[in-house]
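Visitor: Protein chains in written order, with our numbering: chain R, 1 to 232; chain E, 1 to 232; chain W, 1 to 218; chain L, 1 to 218.
Bear in mind the hints are in silico, worked out from the structure with no lab data behind them.
Hints are not guaranteed to be accurate.
[To be verified] Below, a list of computed lysine to aspartate or glutamate pairs in the DMTMM-like style, where the Cα atoms sit at most 25 Å apart: (1) L:Lys77 <-> E:Asp17; (2) R:Lys158 <-> L:Asp65; (3) R:Lys72 <-> R:Glu129; (4) R:Lys139 <-> L:Asp137.
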Amino acid sequence: MNKVVANADVALEGIRDNMTLMVGGFGLCGIPENSIAALVRKGVKGLTCISNNAGVDDFGLGLLLQTKQIKKMISSYVGENAEFERQMLSGELEVELIPQGTLAERCRAGGAGIPAFYTPAGYGTEVAEGKETREFNGKMYVMEHGFHADFALVKAWKGDTQGNLLFRHTARNFNPLMAMAGKITVVEVEELVEPGELDPNTIHTPGIFVQRIFQGSNYEKRIEQRTTRKRN
Amino acid sequence: MNKVVANADVALEGIRDNMTLMVGGFGLCGIPENSIAALVRKGVKGLTCISNNAGVDDFGLGLLLQTKQIKKMISSYVGENAEFERQMLSGELEVELIPQGTLAERCRAGGAGIPAFYTPAGYGTEVAEGKETREFNGKMYVMEHGFHADFALVKAWKGDTQGNLLFRHTARNFNPLMAMAGKITVVEVEELVEPGELDPNTIHTPGIFVQRIFQGSNYEKRIEQRTTRKRN
Amino acid sequence: MALNKEQMAQRIARELRDGWYVNLGIGIPTLVANYIPEGMNVELQSENGILGMGPFPFEGEEDADLINAGKQTVTLKPGAVIFDSANSFAMIRGKHVQLTVLGAMEVADNGDIANWKIPGKMVKGMGGAMDLVASADNIIVCMMHTNKAGESKLLKKCSLPLTGVGCVKKIVSDLGVFDVTPDGFKLIERAPGVTVEEIRSKTEGRLVVEGEVPEMAV
Amino acid sequence: MALNKEQMAQRIARELRDGWYVNLGIGIPTLVANYIPEGMNVELQSENGILGMGPFPFEGEEDADLINAGKQTVTLKPGAVIFDSANSFAMIRGKHVQLTVLGAMEVADNGDIANWKIPGKMVKGMGGAMDLVASADNIIVCMMHTNKAGESKLLKKCSLPLTGVGCVKKIVSDLGVFDVTPDGFKLIERAPGVTVEEIRSKTEGRLVVEGEVPEMAV
Chain R
1 MNKVVANADV ALEGIRDNMT LMVGGFGLCG IPENSIAALV RKGVKGLTCI
51 SNNAGVDDFG LGLLLQTKQI KKMISSYVGE NAEFERQMLS GELEVELIPQ
101 GTLAERCRAG GAGIPAFYTP AGYGTEVAEG KETREFNGKM YVMEHGFHAD
151 FALVKAWKGD TQGNLLFRHT ARNFNPLMAM AGKITVVEVE ELVEPGELDP
201 NTIHTPGIFV QRIFQGSNYE KRIEQRTTRK RN
Chain E
1 MNKVVANADV ALEGIRDNMT LMVGGFGLCG IPENSIAALV RKGVKGLTCI
51 SNNAGVDDFG LGLLLQTKQI KKMISSYVGE NAEFERQMLS GELEVELIPQ
101 GTLAERCRAG GAGIPAFYTP AGYGTEVAEG KETREFNGKM YVMEHGFHAD
151 FALVKAWKGD TQGNLLFRHT ARNFNPLMAM AGKITVVEVE ELVEPGELDP
201 NTIHTPGIFV QRIFQGSNYE KRIEQRTTRK RN
Chain W
1 MALNKEQMAQ RIARELRDGW YVNLGIGIPT LVANYIPEGM NVELQSENGI
51 LGMGPFPFEG EEDADLINAG KQTVTLKPGA VIFDSANSFA MIRGKHVQLT
101 VLGAMEVADN GDIANWKIPG KMVKGMGGAM DLVASADNII VCMMHTNKAG
151 ESKLLKKCSL PLTGVGCVKK IVSDLGVFDV TPDGFKLIER APGVTVEEIR
201 SKTEGRLVVE GEVPEMAV
Chain L
1 MALNKEQMAQ RIARELRDGW YVNLGIGIPT LVANYIPEGM NVELQSENGI
51 LGMGPFPFEG EEDADLINAG KQTVTLKPGA VIFDSANSFA MIRGKHVQLT
101 VLGAMEVADN GDIANWKIPG KMVKGMGGAM DLVASADNII VCMMHTNKAG
151 ESKLLKKCSL PLTGVGCVKK IVSDLGVFDV TPDGFKLIER APGVTVEEIR
201 SKTEGRLVVE GEVPEMAV
């Protein structure tokens, strides 16, 4: 079951205007750099992007904001991006903000065939407006729906040709959940290996969730907040 | 954050009659042998056990059926056990059968603070009787609630003193999910290690879900169906 | 001649397609694994937590920690993955498994299936069957056409408690292959030497026979 | 004298208990990590997927794949664990985290909190704050008692869009420590040299003062 494709451009074949994409990553950590670059080259427009953040001005999903390819962002936190702010305030960009845990769970639910679930997050706030609320054991909850995407763009550390994936440190974040919920899940890896090289017991994402995988290149892995301490 | 206790008897302190327990394992694979033995020694009665199976006559939860310590079983498949059958048909034992995927998801949901979710499993069958059903995108679903347990009894392969766990092969099954849902989660391991010995990236169950851990002993690991092929 | 179990498994194997993930139920469905065409990539999912399940182990190499959903000792193929039960059913419920093959006691001509409970007898439980039939888009039932008393198992309406409603898409019985259509069981292949008349006489539910129905190659 | 940020963090650290898992929000709450008492086992959870978060890395050892929820480079302690965002919020929503410390723009005397949105200004988003406040049994808000205009942030009713309702249990401000009770903000400690009168004048919500309120040790 070889799912390897040559590169990001091939991997994104079939992406069209107005599609819904999930894009992995938390901040700039664990984002699919190669696939985002390919989206810019491809020039598809009117995209709805489900991604925890919207990148920074000149990196991550910020690149797709510069080119105005994104119609709508569904995120939990978008505050690192001046172009984002400009487009949002001017009404060019639609934004739906949802709690981070709800975002993660909605991706998992979509991938897991769970159409809806209840969470306490956002009850009593504007996030719950228009949503069904309900009491369980004396506490109020909001009903949230599973998310699906036409394409899920995922970044992994290692992956085998069958699509089994391993993530590294906090670059994992939303990636395994979005991998579950894409109709077509495209994965770029830092290291592409043969089946059997990854320990079956410690694979994070089973290949069944992955449709296309490719060896990524030229990872910048930009750090947003370089915080250090002095050796003493 | 050292969670190590001396043995199963210490680990089960606080278990009382009529409590609800989750017990990990699929068939006899990955069952908490030491904790089950300690329950027999302890003699607590009237237990409700949430476990995929009910063991066999003389092993696994079958041991607690022999001693009539179980009042009710919540399981997906119980067909390997003559004593079980006798108690069920005589009305001594209550049995609630639920679909295996629903059982797994209800444990996860309980542990994850999700009070209820929707699944298609069992719609239109007697499993859905008395349960709320609902249509999403033209398909019918059943609302199921999260499960909680007073104690979750879990078997892991390796675990560190902080309760971080690694499971081996299909002995994983329900164990990580039940670990999430126990008010007190008791884990027995084949190998107890120091913090830092397990790779942070490949730990299956983070220690936050575990309250007590001990080094197990004398694992029988009985095989139910020994199937082999001949060398040729 | 009615098909034997191996032939039924062989016939079902012809439904497999390259790149599919498949869940094979206990019994005859398990035998399908032996007939995956050479060179075709099909990965077997076992709902207790395996993708890429291999054959039984060599004698002496059984591992108590590595069993399939039927509690049999198995092996892992290179590239296999282990996961927990929630993730396993996430795959199943989320329609990531392309084909489910399972046995049944009864199937109705609207696709209802009953395979988990006989009232008054010992109830063993549904295991993962209810999740599988409620979730899969592609379900093949593999079963004998009649029960031991000679009564049809392809019915107008199931008499036993249901496992799932309107979900079965295809049936491979020892007598033939049937698509479940809005008009009932549509006969698409006959077992070698089995007549349409015999099938009709042993099918209680609505049977659709259009034109010449070919004999299957065995 | 009102507390400075470090003193506020120090005071909050006194709320920690051995064996707790704690989520520290961005800003002053992050500083609490520097004051965990010697010998006390407290593990820090970062909602982007770390349990057992360590201090910032030494210069030159930053790892782009290892950041905290504030996108700062961090390290792992021995015994740390990494997990995905769904599991992270499973911990939070499932009440496995014993204490959440976070900042706020406003808190009401019924425990409502607002900290994510100022209408008309740029909206950055709630991140994980709504999940945290809706889920945790034990939430400490750490904030300045008044805003830059000198207006109270401890209110009868929040004026800003809410992050969560009736969830805050305790507030550590630069002027004092308050329990959120059915009767309002109950002053339990004063910052050194800060009078009850000053606190009363800067607290818009209902303030409860019973007997002598001690000064905190700094």
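Visitor: Does each hint fit the structure? Answer for all of them.
Guide: Do the hints match the structure? See the list:
For a cut-off of 25 Å, the pair hint linking Lys77 of chain L to Asp17 of chain E is broken: about 40 Å separates their Cα positions. Simply put, Lys158 of chain R and Asp65 of chain L have alpha-carbon atoms about 13 Å apart, close enough for the 25 Å limit, and the pair holds. Restraint check for Lys72 of chain R and Glu129 of chain R: satisfied, since their Cα atoms lie roughly 19 Å apart, inside the 25 Å limit. The suggested pairing of Lys139 of chain R with Asp137 of chain L holds, with an alpha-carbon distance near 12 Å, which does not exceed 25 Å.
Comparing the model with each numbered hint stated earlier shows that hint 1 is the single one that does not hold.
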